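S.K.: For reference, the chains in residue letters:
Number of protein chains: 8
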Amino acid sequence: MNELKNILEQVKDKKLSIKEAILKIKKKPFEDIGFAKIDLHRKICKGTNEVIYGASKTAEQIIGIIKTMVSNKQNNILITRLQKEKKDIISKKYRIKYFSDAKIGIIGQKNSASSGIGIIVVATGGTSDIPVAEEAAITAEFFGNKVVRLYDIGVAGLHRIMAHIDDIMNASVIITIAGMEGALASVVGGLADCPVIAVPTSVGYGASFNGLSALLSMLNSCSAGVSVVNIDNGFGAGYIANMINHMETKK
Amino acid sequence: MNELKNILEQVKDKKLSIKEAILKIKKKPFEDIGFAKIDLHRKICKGTNEVIYGASKTAEQIIGIIKTMVSNKQNNILITRLQKEKKDIISKKYRIKYFSDAKIGIIGQKNSASSGIGIIVVATGGTSDIPVAEEAAITAEFFGNKVVRLYDIGVAGLHRIMAHIDDIMNASVIITIAGMEGALASVVGGLADCPVIAVPTSVGYGASFNGLSALLSMLNSCSAGVSVVNIDNGFGAGYIANMINHMETKK
Amino acid sequence: MNELKNILEQVKDKKLSIKEAILKIKKKPFEDIGFAKIDLHRKICKGTNEVIYGASKTAEQIIGIIKTMVSNKQNNILITRLQKEKKDIISKKYRIKYFSDAKIGIIGQKNSASSGIGIIVVATGGTSDIPVAEEAAITAEFFGNKVVRLYDIGVAGLHRIMAHIDDIMNASVIITIAGMEGALASVVGGLADCPVIAVPTSVGYGASFNGLSALLSMLNSCSAGVSVVNIDNGFGAGYIANMINHMETKK
Amino acid sequence: MNELKNILEQVKDKKLSIKEAILKIKKKPFEDIGFAKIDLHRKICKGTNEVIYGASKTAEQIIGIIKTMVSNKQNNILITRLQKEKKDIISKKYRIKYFSDAKIGIIGQKNSASSGIGIIVVATGGTSDIPVAEEAAITAEFFGNKVVRLYDIGVAGLHRIMAHIDDIMNASVIITIAGMEGALASVVGGLADCPVIAVPTSVGYGASFNGLSALLSMLNSCSAGVSVVNIDNGFGAGYIANMINHMETKK
Amino acid sequence: MNELKNILEQVKDKKLSIKEAILKIKKKPFEDIGFAKIDLHRKICKGTNEVIYGASKTAEQIIGIIKTMVSNKQNNILITRLQKEKKDIISKKYRIKYFSDAKIGIIGQKNSASSGIGIIVVATGGTSDIPVAEEAAITAEFFGNKVVRLYDIGVAGLHRIMAHIDDIMNASVIITIAGMEGALASVVGGLADCPVIAVPTSVGYGASFNGLSALLSMLNSCSAGVSVVNIDNGFGAGYIANMINHMETKK
Amino acid sequence: MNELKNILEQVKDKKLSIKEAILKIKKKPFEDIGFAKIDLHRKICKGTNEVIYGASKTAEQIIGIIKTMVSNKQNNILITRLQKEKKDIISKKYRIKYFSDAKIGIIGQKNSASSGIGIIVVATGGTSDIPVAEEAAITAEFFGNKVVRLYDIGVAGLHRIMAHIDDIMNASVIITIAGMEGALASVVGGLADCPVIAVPTSVGYGASFNGLSALLSMLNSCSAGVSVVNIDNGFGAGYIANMINHMETKK
Amino acid sequence: MNELKNILEQVKDKKLSIKEAILKIKKKPFEDIGFAKIDLHRKICKGTNEVIYGASKTAEQIIGIIKTMVSNKQNNILITRLQKEKKDIISKKYRIKYFSDAKIGIIGQKNSASSGIGIIVVATGGTSDIPVAEEAAITAEFFGNKVVRLYDIGVAGLHRIMAHIDDIMNASVIITIAGMEGALASVVGGLADCPVIAVPTSVGYGASFNGLSALLSMLNSCSAGVSVVNIDNGFGAGYIANMINHMETKK
Amino acid sequence: MNELKNILEQVKDKKLSIKEAILKIKKKPFEDIGFAKIDLHRKICKGTNEVIYGASKTAEQIIGIIKTMVSNKQNNILITRLQKEKKDIISKKYRIKYFSDAKIGIIGQKNSASSGIGIIVVATGGTSDIPVAEEAAITAEFFGNKVVRLYDIGVAGLHRIMAHIDDIMNASVIITIAGMEGALASVVGGLADCPVIAVPTSVGYGASFNGLSALLSMLNSCSAGVSVVNIDNGFGAGYIANMINHMETKK
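Residue numbers (this note's numbering), protein chains in the order written: chain U, 1 to 251; chain L, 1 to 251; chain R, 1 to 251; chain S, 1 to 251; chain Z, 1 to 251; chain H, 1 to 251; chain X, 1 to 251; chain P, 1 to 251.
Excised from the complex, chain U in its bound form (with noise of 0.2 Å):
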């Protein structure tokens, strides 16, 4: 607010017009006003300033976007959808640390596991599921998550989810994985009295139609608390994850 009391004052003290003034409010009313306020607040709760979306940009244009923010003091940064090849450009810059199945890269370190409410669990059906999962998991874990894997639980064999009872009856948020049929959502969101994150996944074949069925599966779960992101929208997942896990340091 300084600088439209900045402005203000001037007026008051008519070293401004008050045309000048108009001007000056309108051109940028809102960084100086609304927006300002917006940007400065999503810096320190909201993180995604701290994340770069790789998929559709050169190792130059994110080696670009990292000085910039480097500079600006954003020293830890996620980079998702990373390609190795630009990775290694990228490395050769900056020091970066990267997680080949979640193609993730992570320039600084990930932030204390200890501040949020609880622990998020990362569910997938099958073994194909894992490169989802981690994307998840890892931006769960970069935000500063405890995160629990549980990989390979589909429902074709229910012990297999049995036996992690305790995991899925103790998380603070569950995010599940699942291509296919995706009925790995409704299972464990019967299960679970806490928010679930269902990620269709677009494994599969035939009338999978690249995660149509997990998809639309996932959206008409039968069980109440299942909310839906993206097909393969791991980053996606575990963001919302981490805003419901720090929910108590709202206040």
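To be clear, the hints were calculated from the coordinates, so they are not data collected in a lab. All values derive from a computational prediction rather than experimental measurement. The reader is advised that the hints may include incorrect statements.
[As the list claims (entries may be wrong)] Derived lysine-lysine pairs resembling DSSO-like cross-links, with alpha carbons at most 30 Å apart:
{"id": "1", "chain 1": "L", "residue 1": "Lys12", "chain 2": "X", "residue 2": "Lys5"}
{"id": "2", "chain 1": "Z", "residue 1": "Lys93", "chain 2": "Z", "residue 2": "Lys110"}
{"id": "3", "chain 1": "H", "residue 1": "Lys14", "chain 2": "U", "residue 2": "Lys12"}
{"id": "4", "chain 1": "X", "residue 1": "Lys5", "chain 2": "L", "residue 2": "Lys15"}
{"id": "5", "chain 1": "L", "residue 1": "Lys19", "chain 2": "X", "residue 2": "Lys5"}
{"id": "6", "chain 1": "U", "residue 1": "Lys110", "chain 2": "U", "residue 2": "Lys146"}
{"id": "7", "chain 1": "L", "residue 1": "Lys93", "chain 2": "L", "residue 2": "Lys5"}
{"id": "8", "chain 1": "X", "residue 1": "Lys97", "chain 2": "P", "residue 2": "Lys57"}
{"id": "9", "chain 1": "S", "residue 1": "Lys14", "chain 2": "R", "residue 2": "Lys14"}
{"id": "10", "chain 1": "X", "residue 1": "Lys19", "chain 2": "L", "residue 2": "Lys15"}
{"id": "11", "chain 1": "R", "residue 1": "Lys14", "chain 2": "R", "residue 2": "Lys57"}
{"id": "12", "chain 1": "H", "residue 1": "Lys14", "chain 2": "U", "residue 2": "Lys19"}
{"id": "13", "chain 1": "X", "residue 1": "Lys14", "chain 2": "L", "residue 2": "Lys5"}
{"id": "14", "chain 1": "Z", "residue 1": "Lys57", "chain 2": "Z", "residue 2": "Lys97"}
{"id": "15", "chain 1": "P", "residue 1": "Lys97", "chain 2": "P", "residue 2": "Lys67"}
{"id": "16", "chain 1": "S", "residue 1": "Lys15", "chain 2": "R", "residue 2": "Lys15"}
{"id": "17", "chain 1": "X", "residue 1": "Lys12", "chain 2": "L", "residue 2": "Lys5"}
[To be verified] Incomplete in silico selection of chain R near chain L, CB under 7 Å:
{"id": "18", "residue": "Ala59"}
{"id": "19", "residue": "Asn230"}
{"id": "20", "residue": "Ile231"}
{"id": "21", "residue": "Asp232"}
{"id": "22", "residue": "His246"}
[Stated by the list, open to error] Ranges of calculated distance between the beta carbons of each label pair, as one might list FRET restraints:
{"id": "23", "chain 1": "X", "residue 1": "Glu20", "chain 2": "S", "residue 2": "Asp88", "range": "30 to 36 Å"}
{"id": "24", "chain 1": "R", "residue 1": "Ile65", "chain 2": "Z", "residue 2": "Glu60", "range": "51 to 57 Å"}
{"id": "25", "chain 1": "S", "residue 1": "Glu85", "chain 2": "X", "residue 2": "Ser114", "range": "53 to 59 Å"}
{"id": "26", "chain 1": "U", "residue 1": "Ser91", "chain 2": "S", "residue 2": "Glu85", "range": "25 to 31 Å"}
{"id": "27", "chain 1": "H", "residue 1": "Ser112", "chain 2": "Z", "residue 2": "Asn6", "range": "40 to 46 Å"}
{"id": "28", "chain 1": "P", "residue 1": "Ser91", "chain 2": "S", "residue 2": "Lys92", "range": "19 to 25 Å"}
Glycine residues also receive a C-beta, built at the ideal position from the N, C-alpha and C atoms.
Assemble the complex: chain U is given as a structure, and chains L, R, S, Z, H, X and P must be docked to it using the hints.
M.R.: Leaving out everything else, chains L, R, S, Z, H, X and P in the frame of chain U:
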């Protein structure tokens, strides 16, 4: 086969020239030769000529078909998708037992349930799936099967399924009927060691797209042993289950 | 757990043979052992056994369920998708408060709104989305949340959203409800720093394809922090928002 | 059940407190009671733990699984969707028989074909459907079934089907495999009096939409007795056919 | 061409200025030159100006069109998709023959059936397809074709098709009409040696998706010689069949 | 801008403390600063605040909105998708001119048609498209455009289009409205040298899939200069056409 | 018929018992009686046994089929969807004429073009449609038809169509081939008075959805006389056009 | 019109018989009479004959077209969807300026930007949309428009849009280009008072279904004034924007 035999005897007895015989055999080759075998065979085993699909027929048309069937010694007749109004008209001519949930009418009586290998379980995810389930169950009963109904055991409450684990594990065939996310087929398929016929239903709203969600889900079931019939096709499932449950009678 | 304890005590006291004990434990494993825990737990936290989905049930069936619930000390009951005609029948037996926009009936009363972390904002793109929004809002209120309604703030008039920037930025959870192009979720998701539950609605015509357009739009939201429920699923959104807004009560 | 008996005996002998007993029983309810039974049962009858789905696993992962299975006395192993490259690596460690059309590898040997009720017919519409058909046929043979292959008997040349009328009419189960319009299932279903498993294939172009056309066609079959599995899912069909063809072994 | 000749003669005779002539020629270039030929031609051969598509027109609008046509010496008129209510109003002004199955009304009379090359066969898979079939058949008859109706010869009972093998093999053109899996087109196309027009119908339920299943099936027919018209478009099929059956009259 | 100027003058004159000024500016930033400009601007040029979308509003709600608009000196109001029943109720309070084809009601009067650059042509493929066309035409007239209606000039009879070649070539903007195959847009787009707004309609049956066919066809138009609005969105097309036809008034 | 005659003679001569005769007749009913007639007939008229669909066959398989055909006096062979690489291998064994645009190979020679009723016009909307058009054109030529090619006459430039109005109006059959919006079929269908076979192509991008747009457009053609084949199915169109263009040879 | 005038004068002067005149007029009716006007007209205003769609043409074909155009005094030529490899070949014959992002090549030069009414704004949601945006921008520049590029102003960060509010509000036409949820069109459409052309892009993954999500979203825009072109069709948008921005030149 009588007619063919007749022709041959006439040839043998020289009452019929070879040319005339060829003509006769050519003229009705299918009824008399190959297909007659089929039809005879079907009558004994397959039973579809005991069934009338009532959906798009008028009461009068149905009465006409019944008449023909009865005159052909077909005394037990199953009429599916029979609306109550049509049933009321038919019942003036024929004694008909009507199952209003299943929208099935039966002339004559069901076959004895003692003939099958074992028990057919008909399971539904919710209460709204019951009309489809009843169509399946009564069809199965009509053809002589013992049916156990497990209704409203959707995967959101796994304990409801588990309470019936014995029925599921002892079944000869299981018909799983579910709308929405259709996960029941996979969960039951994972528990059972018998063939599972999955029936998606049009129960649901929004992204269930009139049963598409459940259909895709069931086709993508990660449980081996699950095959699928058309949306809301309770009759088809009951019919197949009957076939499977009478496998040993073949030899 | 009492029953299991009982059995064990009887074994200890030799009033029950080991064989009999095994039988008893096997017979009701789910209610008594594992799942009882679940169900007990659910009653306290999750609340789904307080909810009746009224869409495909007759008034009589609903009355039956209410009866059972009341006899189980469940005095506050939420009935969703309850048509007015059914409500009129039920109200002859039970005192029921009816919300006609939301098509929700409540037996007993809503929980106190003081229990949640913060405020749940329910925002709609247009006035036609209000029935879905009311389903979400009253569900959230029923479970004990303070709800702020921001209706008709569609993105075509950004100033309408901006006029409520404080509510959006202070919310604990936001439910965004929109048909047609469903852009509200992305815009609000970009402004807020809390979880956003997006509900596509079937409002629209032509290429909205009964909500498909809004659904896809919301699933593809470029704003992190947005998850999606089924088309027109106000209840689901309200239920999840409640879960998130009560996160701190878990520890 | 031994472990449960053990716990109870310890209680009886006062070597274990009731509280400790409750904990133990709660902790592993599924393995010890219900699920143990399931898993044991599955091993004997269902055979799915003899199968590795190779599609999304590395050669190394597959070798790891084989190792575990072999060490658990599982000497006959079926590996589906196994690319030649992976097979070459695996064959350095294990003797593996490879079926290049079916993309199936077998460790050990197929079961004896003498165990089934009758013969499984595997029929295709065209020659392009053969890889899927071989997956079905070899799966069925692996589990101990006699298989008759009827390839390239598409409905455009009805005489090709008719030339095999005896095989079709004597089959115990028929697997019909077709892309494009998928009519084979209906025609064969009309001729046969046994269960028909229909496998749509992605063979075709244009409006076949990668198998959607054949899939919908088969789901809408006017022949009773036809159920459907996922597009190109030869394994699933072979597995179900095996189940049905071994029905009499159940009692 | 008379009018153009006229204009030129007037120019030659200097009764018309060049500027006026240009205007006249520009004003009606299409009727007078190219298009006039077309329209004249169409009247003789194509017959579409004898047809009124009644679906979205009021009885009054239809009467108006009939009036114009009659005043232009068009005495035989075919009105398709004519609801009974509209027919009743029209019949007060014009003598109209109404075919209630086909929802066709005919003013005047059908053309003589003797003009075609041969016979048009109209075949349906089931009885529910008859309304579409009658639209096709009566359209074909109206334009002067002999029609043989083969109804309810669906592929599930191949012997029903075979019983009519002579009609199929002697046809000049065959119209195959089927809903559900639409396999009739392929089977008939394989038997016949004449052009086959396939009409998918909206008959069916569930995964027939209002005719989509039959439509895709027919487009993917493996029988050469099959072309397809819109779902339920009996008129279109009858019209094309007529064109083909009158091919020899062209020279 | 007056209010902002006012605030600043009060600051300058020390009638308002800086803190109070900040509060005021923050409180209504959008109306007062950026958005006020927008809204003022919109009122003059864009005209959307003269429009009520009547589809999902009650007559009472519409009356309320009219009241507010009239009190804000908005005397000419366009109400779209207004059913006759609602119109009858509104007409008791306000003088309303109703166009039953277009389902449009107008309070006050249309703007003068003299203001536009040129003429807007509204063309339809068939007579069934007229309601959508009238919605477009009356919308365009309301905003002050001269409209030429070319109805029923579908591409199956090219001479019908050609008869109006002068109108098409002289138009300032053309709105092409067609269902079924929607080819009109491409043909007209090829003839015209002005922007073409294409409106697909839900007219048709079967594979028109409620306008999807025309929509896709128009989006794929090979004629440059064609853009598309939603299915049946006559208002949108009329509104855009008006914008384009008033382009020169901008400078 | 010889074999049947033989059997009957043996019966007459009492060399064969009636029972044996029945068995023999039953065993090969289709080849000997009904279907033999079909196959003979097909060879003369239909010509499909002169065609090899090369897409999914290896060069070796194709060579094998050619060998069989040649040994059966089938000297003129059309091979469709034949990739250049396969052609090169085949050409080492057989003299083959290769059309690289059409991806067609011909062994032997085309039939004389003099046999048809008239001329087949093959028209395309753009230059990208030419490969499909050539498949159609060469197929038609192979079966003995005179073909006129009208390429790149898309509806965006109506004068390009009009420049060929005589060809269109004099054609015996027209094949219209277009991607994108597929409007060519309707425009040509409106001008012509002969059957029009429409071939949608996968040419286009975005909302053409690989030919779906053109397919739906053509199915919804408002021009009577248009029927449709599968996307990119040039062969099918050429084959049907040939059938129609040889109609008079039937009698 | 000269040629027609010539013919008429020759008739008047009796240098041409009427019969010859008819023949001449009939022979080239379209170029000479109606369509000549079109083509002449098009050259001046529409500019499409200055454009080559390069996607499915070989470098050689493109060179051929350029040659013809240049010989017809068309010196400025825009080639869209031109891959670098083809450009390299063409550049050996013609001086060509290549824009690698846009995949556009220009022979000659862009038109002067001073001719339009105002400024065309090209805005994108993200950086991945830039190639499509550049296609639009350079197309608009080629035809003589001043273009302002606003890239990466997606709705998730509303302040990015607001920072450019002046450009948006002062634009003559705005092209909004976005993939994923495509909300940019609605937000910009709500702020602007000029026509908005929306271009959905295939940017995104999963449920973006290659641009379907953005396409539907844009078609359902709640902002009046938005029309839509095909997915990734930057050229089309630039072309229409140019048309609109040159509206005043028409009179």
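S.K.: All hints are to be evaluated individually against the structure, with a verdict given for each.
M.R.: Cross-check of the supplied hints:
1. Between Lys12/L and Lys5/X the CA atoms are separated by roughly 13 Å; this keeps the pair inside 30 Å, and the hint holds.
2. Between Lys93/Z and Lys110/Z the alpha-carbon distance is near 20 Å, which keeps this suggested pair within the 30 Å criterion.
3. In summary, the hint linking Lys14/H to Lys12/U is supported, as the alpha carbons are separated by about 7 Å, within the 30 Å threshold.
4. Simply put, Lys5/X and Lys15/L have alpha-carbon atoms about 16 Å apart, close enough for the 30 Å limit, and the pair holds.
5. For the proposed pair Lys19/L and Lys5/X, the alpha carbon gap of about 8 Å is at most 30 Å, so the pair holds.
6. Simply put, Lys110/U and Lys146/U have alpha-carbon atoms about 11 Å apart, close enough for the 30 Å limit, and the pair holds.
7. For the suggested pair Lys93/L and Lys5/L, the alpha carbons sit about 39 Å apart, so the restraint of at most 30 Å is broken.
8. The suggested pairing of Lys97/X with Lys57/P holds, with an alpha-carbon distance near 25 Å, which does not exceed 30 Å.
9. Of the pairs offered as hints, the one joining Lys14/S and Lys14/R holds, with about 11 Å between alpha carbons and a cut-off of 30 Å not exceeded.
10. At most 30 Å may separate the alpha-carbon atoms for a hinted pair to count; Lys19/X and Lys15/L meet this at roughly 18 Å.
11. About 49 Å separates the Cα atoms of Lys14/R and Lys57/R, which puts this hinted pair outside 30 Å; it is violated.
12. The hinted pair formed by Lys14/H and Lys19/U meets the criterion: a straight-line CA distance of about 17 Å does not exceed 30 Å.
13. Only pairs whose Cα atoms come within 30 Å are accepted, and Lys14/X paired with Lys5/L is accepted, the gap being roughly 14 Å.
14. Of the supplied pair hints, the one linking Lys57/Z and Lys97/Z holds, its CA atoms being roughly 19 Å apart against a limit of 30 Å.
15. Distance restraint check for Lys97/P and Lys67/P: the Cα-Cα separation of roughly 17 Å lies within the 30 Å cut-off, and the hinted pair is therefore satisfied.
16. For the hint linking Lys15/S to Lys15/R, the alpha-carbon distance of about 17 Å falls within 30 Å, and the restraint holds.
17. For the proposed pair Lys12/X and Lys5/L, the alpha carbon gap of about 13 Å is at most 30 Å, so the pair holds.
18. With 7 Å as the threshold, the beta carbon of Ala59/R stays out of range of chain L, its nearest partner Cβ sitting at about 14 Å, so the hint is violated.
19. About 4 Å separates the beta-carbon of Asn230/R from the nearest beta-carbon of chain L, less than 7 Å, and the hint is met.
20. Interface hint at Ile231/R: satisfied, since its Cβ lies 3 Å from the closest Cβ of chain L, which is below the 7 Å cut-off.
21. Given the 7 Å rule on beta carbons, the hint for Asp232/R holds: about 5 Å separates it from the nearest Cβ of chain L.
22. Residue-level restraint check for His246/R is violated (minimum Cβ-Cβ distance to chain L is 20 Å; threshold 7 Å).
23. Taking 30 to 36 Å as the suggested C-beta distance range, the pair Glu20/X and Asp88/S does not conform, at roughly 56 Å.
24. Checked against the hint of 51 to 57 Å, the C-beta distance between Ile65/R and Glu60/Z comes to roughly 55 Å, which is consistent with it.
25. The hinted range of 53 to 59 Å is satisfied by Glu85/S and Ser114/X, whose Cβ atoms lie roughly 56 Å apart.
26. Remark: the range hint 25 to 31 Å for Ser91/U to Glu85/S is upheld by a beta-carbon distance near 30 Å.
27. Separation of Ser112/H from Asn6/Z is about 44 Å and conforms to the stated range, judged on CB atoms against 40 to 46 Å.
28. In this structure, Ser91/P and Lys92/S break the distance hint of 19 to 25 Å, their C-beta atoms being roughly 53 Å apart.
In terms of the numbered hints stated before, the structure departs from hints 7, 11, 18, 22, 23 and 28, listed from lowest to highest.
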